Each structure stands twice: as C-alpha cells, then as structure tokens.
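2 protein chains.
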Amino acid sequence: MAECVFCDIGARHIDRDTVPASDRVYVLPALRQRPRNRFHTLVLPIAHVRNLQDADPCLLAEIMSITASLTAAFPAKLGANGSFVFQSNVEPGDLPFHLHVHVVPRFDDDEFRTPDPYGVEEVPRRDRLAQARELRGLLQPRRSL
Amino acid sequence: MAECVFCDIGARHIDRDTVPASDRVYVLPALRQRPRNRFHTLVLPIAHVRNLQDADPCLLAEIMSITASLTAAFPAKLGANGSFVFQSNVEPGDLPFHLHVHVVPRFDDDEFRTPDPYGVEEVPRRDRLAQARELRGLLQPRRSL
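Top line first, the protein sequences correspond to chains A and B. Heads up: the first sequence begins at 1 in my numbering, then just goes up one per residue. Heads up: the second sequence begins at 1001 in my numbering, then just goes up one per residue.
Calculated directly from the structure, the hints in this document are not laboratory data. It should be emphasised that the depicted structure is a prediction, and the values quoted were computed from it without experimental measurement. Just so you know, even glycine gets a beta-carbon here, dropped at the ideal spot from N, CA and C. Heads up, some of the hints might be wrong.
Distance ranges between label pairs, derived from CB positions [to be verified]:
1. A/137 to B/1036: 40 to 50 angstroms
2. A/134 to B/1124: 45 to 55 angstroms
3. B/1124 to A/133: 43 to 53 angstroms
4. A/126 to B/1134: 29 to 39 angstroms
5. B/1005 to A/76: 37 to 47 angstroms
6. A/133 to B/1057: 19 to 29 angstroms
7. B/1008 to A/140: 46 to 56 angstroms
8. A/12 to B/1056: 29 to 39 angstroms
9. B/1032 to A/137: 36 to 46 angstroms
10. A/126 to B/1005: 15 to 25 angstroms
11. B/1096 to A/125: 23 to 33 angstroms
12. A/16 to B/1005: 16 to 26 angstroms
Where chain A lies over chain B, by a calculated footprint (3+ residues, C-beta under 8 angstroms) [to be verified]:
13. 1008-1019
14. 1046-1053
15. 1078-1091
16. 1119-1133
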C-alpha cells in the first residue's frame, strides 16, 4: 500500500466513499467540513500528482471541468448561493502531498473563511456516504481526454 | 465602454498594468494585496465570463494552465514556499461579475487567510506596474487552444 492516503483512497484500498468522475479523476466528500458548509468536496487525480503545476495539461483541464460541474450543480441541488474553489500548493513537510481542489458550497450568512479560525468538524462516516451518493447523482462519469 | 471593470481593463481602455497571457486570457496584479503576500495576481478571461461553469472547456483549461505557470514560477522567482489558488462563484448583487482566479504566493509565517480579517491594502500604482513587468517575464504569451 502506498504511503499517500489520497492514492490509497483513489485505488479504493481503504475507502468506498469515492465518486468516480473520469478515468483519471475522483471526487470525495471532505473528511472535515464546516457545519455551515456541508458538501465541502475534493476533486483529485487518482494517480499521485503533487501540485497544480505537476498536472499535465489534459489532467488539469479534466480536474477543472469536473470542478466546474460541481459549482454549476451546487446552487440548484443544495440551495447554495454559489461556491468557493481553492487549492494549496504549500507542501507540509511531513506528508506525501497529493493535489486536491476544494469545492465548497456557499450559503447566506455562512461567514466562510479559510483556514477556518474555529476549526472544522470531522463529518460522521454515514453522512459522508450519503454525500457521496448525492455527488454521484450530480456527476456523469466521463472519459478522460 | 462596458460597465464591467475587468472587461475594460482586458480591452486596455483604462489600465496598462495588464500582462497578456494568451489570445483570450490576461493577468493582472491585484489592486489590494496583503503586505505579506505581495504579487497576489489575478488570471482572467478578456471576454466577459461570469463564473467557472460559464467558461468553455478550452478557456477554462487555458486559464488554469496559466495559473499553473504562475504557481510553478513563484517559488524560484519570489522566494515563496508555495502558493494558494482561489476563486469565488458567489456573485455580489451590485456588480457585473467577471470570472477571475486569484494566485497568491505564500511565504513562511505569512499567516495567510481569506477573507483577510484585517483588511488588505491598496497597492500603489507604481508597485503594481513593477509587478506587472516581473509577471511579464514569468509568462510566455501563448496561442489560445
């Protein structure tokens, strides 16, 4: 088993909450989510890619196209007033870093900020499984470019 | 003149700080930047596109490829320890909203957060012009897809 948790999840070795989005990309409910921003979702390559600039152009296009499908779906499906997309290229020294794009639905008066000054909660597994089912309904799996 | 300031800047009607990045995309030093995160940069389409999901796939790929060129360049060119990329799809009611991706260089102990709880400063025009010159050196203009 690889040392990278996102590689392991992408290979479905340790989790079944993943949402297949294409041959090269999967989607996952974030483990930690702000109570006012449920459905905080990650979009990430199955293969280990460290940073935005390390993704080949087709993979990057695919990740962003899937991200845009989520930002398009969130208002109607979740009652969101929009979304916030972010991605960090600062590598923590102690972890194998695996590129992931955060897609956060925004709601009225959610006072969203990142990093969250009050911490974020770990979402119970049953809730993440329910979110994964909903996300599967929002995304049509597509062929890679 | 259009009512959208980013359309006007893209058409070079009201500003010359822009950095041409491709036939369809330009780059601009942000007007407001945190003192510890100078070279906060925007990547945006010349044409008026409101949201991530409204960009056609080629345009979105181009915007993100240029974004990745900046995240690749910032560590060596600016001494950054990485970067933070973000983009909001929450439309303020009172402005014509024009898609823009923020690319923020990160530095040790910068305590970056967004939105910034302490406000951000307007950067003097001469400093933004100097940043635009540097950014031109980081980006090779490319043909659109």
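Here is how each hint holds up against the structure:
{"no.": "1", "hint": "A/137 to B/1036: 40 to 50 angstroms", "result": "holds (42 angstroms)"}
{"no.": "2", "hint": "A/134 to B/1124: 45 to 55 angstroms", "result": "holds (48 angstroms)"}
{"no.": "3", "hint": "B/1124 to A/133: 43 to 53 angstroms", "result": "holds (52 angstroms)"}
{"no.": "4", "hint": "A/126 to B/1134: 29 to 39 angstroms", "result": "violated (51 angstroms)"}
{"no.": "5", "hint": "B/1005 to A/76: 37 to 47 angstroms", "result": "violated (29 angstroms)"}
{"no.": "6", "hint": "A/133 to B/1057: 19 to 29 angstroms", "result": "holds (27 angstroms)"}
{"no.": "7", "hint": "B/1008 to A/140: 46 to 56 angstroms", "result": "violated (38 angstroms)"}
{"no.": "8", "hint": "A/12 to B/1056: 29 to 39 angstroms", "result": "holds (33 angstroms)"}
{"no.": "9", "hint": "B/1032 to A/137: 36 to 46 angstroms", "result": "holds (39 angstroms)"}
{"no.": "10", "hint": "A/126 to B/1005: 15 to 25 angstroms", "result": "violated (47 angstroms)"}
{"no.": "11", "hint": "B/1096 to A/125: 23 to 33 angstroms", "result": "violated (43 angstroms)"}
{"no.": "12", "hint": "A/16 to B/1005: 16 to 26 angstroms", "result": "violated (47 angstroms)"}
{"no.": "13", "hint": "1008-1019", "result": "violated (count 0)"}
{"no.": "14", "hint": "1046-1053", "result": "holds (count 3)"}
{"no.": "15", "hint": "1078-1091", "result": "holds (count 11)"}
{"no.": "16", "hint": "1119-1133", "result": "violated (count 0)"}
This entry does not satisfy hints 4, 5, 7, 10, 11, 12, 13, 16, going by the numbered hints stated previously.
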